[in-house]
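Colleague: Given chain L, put chain R in place with the hints provided.
Protein chains in written order, with the numbering used here: chain L, 1 to 343; chain R, 344 to 686.
Since the hints were derived computationally from the structure, they do not count as laboratory data. This one's a predicted model, so the numbers in the text were calculated from it and none came from an experiment. Wrong hints could be hidden among the right ones.
Here are the simulated EDC-like cross-link-like pairs (lysine to aspartate or glutamate), alpha carbons at most 16 Å apart as the crow flies [what the hints assert, rightly or not]: (1) L:Lys-266 to R:Glu-493; (2) L:Lys-266 to R:Asp-604; (3) L:Lys-289 to L:Glu-150; (4) L:Lys-277 to R:Glu-493; (5) R:Lys-609 to L:Asp-261; (6) R:Lys-609 to L:Asp-63.
Now the in silico label distances, taken between C-beta atoms and shown as ranges [unchecked claim]: (7) L:Ala-94 to R:Asp-631: 26 to 32 Å; (8) L:His-287 to R:Lys-410: 40 to 46 Å; (9) R:Lys-366 to L:Ala-64: 57 to 63 Å; (10) L:Gly-42 to R:Lys-558: 32 to 38 Å; (11) L:Pro-264 to R:Glu-493: 26 to 32 Å; (12) L:Leu-40 to R:Asp-546: 53 to 59 Å; (13) L:Lys-266 to R:Glu-363: 58 to 64 Å; (14) R:Lys-499 to L:Gly-42: 27 to 33 Å.
To list a few chain L residues with every Cβ distance to chain R over 10 Å, as calculated [unchecked claim]: (15) Glu-31; (16) Lys-178; (17) Val-272; (18) Gln-275.
Glycine included, every Cβ here is placed at the ideal spot set by N, Cα and C.
There are 2 protein chains.
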Amino acid sequence: MAPVKNGRHLFNEIPKGFPEPGKTTVYDESETIDLEKAPLNGGFLVKTLVLSIDPYMRGRMRDASIKSYAPPFYIGKPLDNFGVGKVLRSENPAFKAGDHVYGMLPFQEYFVAQDAQQFRLLENKEGLPWSAYVGVCGMPGQTAYYAWKEWSAAKKGEVAFVTSASGPVGATVVQLAKGDGCKVIASAGSDDKVAFVKTVGADVAFNYKTEDTRKVLEKEGPIDIFWDNVGGETLEAAIEAANVHGRFIECGMISQYNTSDPYPVKNLIQIVGKQLKIHGFIVFSMHDKYQDEFYREVPRRVAAGEIKYQEDITRGLDKVSEAILDVQTGKNQGKKVIVVADD
Amino acid sequence: MAPVKNGRHLFNEIPKGFPEPGKTTVYDESETIDLEKAPLNGGFLVKTLVLSIDPYMRGRMRDASIKSYAPPFYIGKPLDNFGVGKVLRSENPAFKAGDHVYGMLPFQEYFVAQDAQQFRLLENKEGLPWSAYVGVCGMPGQTAYYAWKEWSAAKKGEVAFVTSASGPVGATVVQLAKGDGCKVIASAGSDDKVAFVKTVGADVAFNYKTEDTRKVLEKEGPIDIFWDNVGGETLEAAIEAANVHGRFIECGMISQYNTSDPYPVKNLIQIVGKQLKIHGFIVFSMHDKYQDEFYREVPRRVAAGEIKYQEDITRGLDKVSEAILDVQTGKNQGKKVIVVADD
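So here's chain L without its partners, still in its complex pose (with noise of 0.2 Å):
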């Protein structure tokens, strides 16, 4: 069989402010791969069928000389982030032709993978679409399971704040957050993602851009927990509106990724009076504790439709740059997902 294109998404350039298609990122053919005959060196040959495309990736854009929780993208090199492939071909006993595995994955179509433990066999039982796994039931689910377990600490009439609450880590936690008795609060950026945040079960949700977040905080709180996905404004509308013991997850700060000019936050004073517990976490160093749990428990519930997830696919690996930007700025309607081929 002749060579097929192996097409692959590059990292190009380190933004100044929010990543620019076709600058910062770039989508490139020039590379072929022989499906039947690459030689695979005691590895396996993986079909890229979905990518991730997550907030956090932002940070991987920097110069690699500088340290942070996660690896740097490097120029001129693919893009990677969390996917889902099929195997192909293997010398791995770990996995054999027809998996499907989930790790991360080389923004390219085809790619040739040695190391098995940096991947994770899905059987998926329950029939979910593998973009599934990117999303509510990969990093991000993974992300609001963990941390809301860990320290939310919830009890029953509390009152939850979530923001980015339609996104599919701000979606879980609403409904963990409900699950456990809380009156919700979640707030998102356009009338659309408000409405799809009221369907999974949020008691007040506003448009973060149209009402005030303090006021709405100010009539519908003081809360118990705040979830933290924009920092910036918001986290001092939160801090304003703590209660007394308030659990603050720092899970991102979407306001501050894309700016050399972070907004100055003047109200942390009240941290020890309110007697703040705030807790920053990155979700990797949290999988020993719950990833068996949790793929135990939430694609199931997610198969049952208890667990409500939103998409947002886009297909052909040439669009992830417009894609890393929709979702820098909001425009994403859920889960950010590239559809790179079927299964």
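Modeller: Coordinates of chain R only, in the frame set by chain L:
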């Protein structure tokens, strides 16, 4: 016996910035008391021996309608704070004449108390000076002890940064941190204070007014545990210098108490990436858990010289105004105590 003068120190006016001696609070000698005949109505007559002057008192100098963790001072009424008194007469079986009691005392020479539950009997088998019971063996010592036990999660070889390290809280924390095998970086506001902090075991002690905190932390950090008595710019520097999984113990923010223009902290995004845990607290809410252990352990260790402390004693209830300002501006050398009368 004829009535005697019963001097009082009154709250007179809500300050805007720093409290002003003779204006914010005033000394008053208009009242008298007959120590033999004053009716007890089932209570007990106390002679005030020592009174504590603490940073948090600034927060009580507010409009009484504003809620906060500690009750406000009331205009025209005596201040009150932790102190030690001696029971002169009693109709309450909980205390007898000659007993020493610890609790919230009004800033006046003599008073009749009704509620025995508000006071703790001090046996003082170790024969410590009564002033120690408002410092290292009182609320400031408890503050250090409780929160260090609860949140430091200190491991041998970790780096702790302690601010206001010559004060009764800070100096105790330095010693607890050393006891747990930490390298201790300590800051204070004068060379004399720095010298004292070194005597209690700090590995690196510096005068933050003459040395740049950021530079010291850059050289001696990263820091695993931050004991914050200061807030503002120092908190920002500590976030900058924090190690991954750093624990921040937010005890107070004296740099922010006397300003209407709080310092704008711009690097909170690092809370996520570094997975910081920030614990605001008020000592009162931890009494039930740690109080008995504290009184069993700390006075004994202080008497044995294992825990060192420094006091800055002023004699006379009329000197309270200046003492309060000294504590707010950091002019005190160690725990500020007013000795009202001898035992």
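Colleague: For each hint, tell me whether it holds in the structure or not.
Modeller: Verification of the supplied hints:
no., hint, verdict
1, L:Lys-266 to R:Glu-493, "27 Å, violated"
2, L:Lys-266 to R:Asp-604, "8 Å, holds"
3, L:Lys-289 to L:Glu-150, "10 Å, holds"
4, L:Lys-277 to R:Glu-493, "13 Å, holds"
5, R:Lys-609 to L:Asp-261, "8 Å, holds"
6, R:Lys-609 to L:Asp-63, "21 Å, violated"
7, L:Ala-94 to R:Asp-631: 26 to 32 Å, "53 Å, violated"
8, L:His-287 to R:Lys-410: 40 to 46 Å, "42 Å, holds"
9, R:Lys-366 to L:Ala-64: 57 to 63 Å, "59 Å, holds"
10, L:Gly-42 to R:Lys-558: 32 to 38 Å, "51 Å, violated"
11, L:Pro-264 to R:Glu-493: 26 to 32 Å, "30 Å, holds"
12, L:Leu-40 to R:Asp-546: 53 to 59 Å, "54 Å, holds"
13, L:Lys-266 to R:Glu-363: 58 to 64 Å, "25 Å, violated"
14, R:Lys-499 to L:Gly-42: 27 to 33 Å, "42 Å, violated"
15, Glu-31, "33 Å, holds"
16, Lys-178, "25 Å, holds"
17, Val-272, "5 Å, violated"
18, Gln-275, "5 Å, violated"
This entry does not satisfy hints 1, 6, 7, 10, 13, 14, 17 and 18, going by the numbered hints stated previously.
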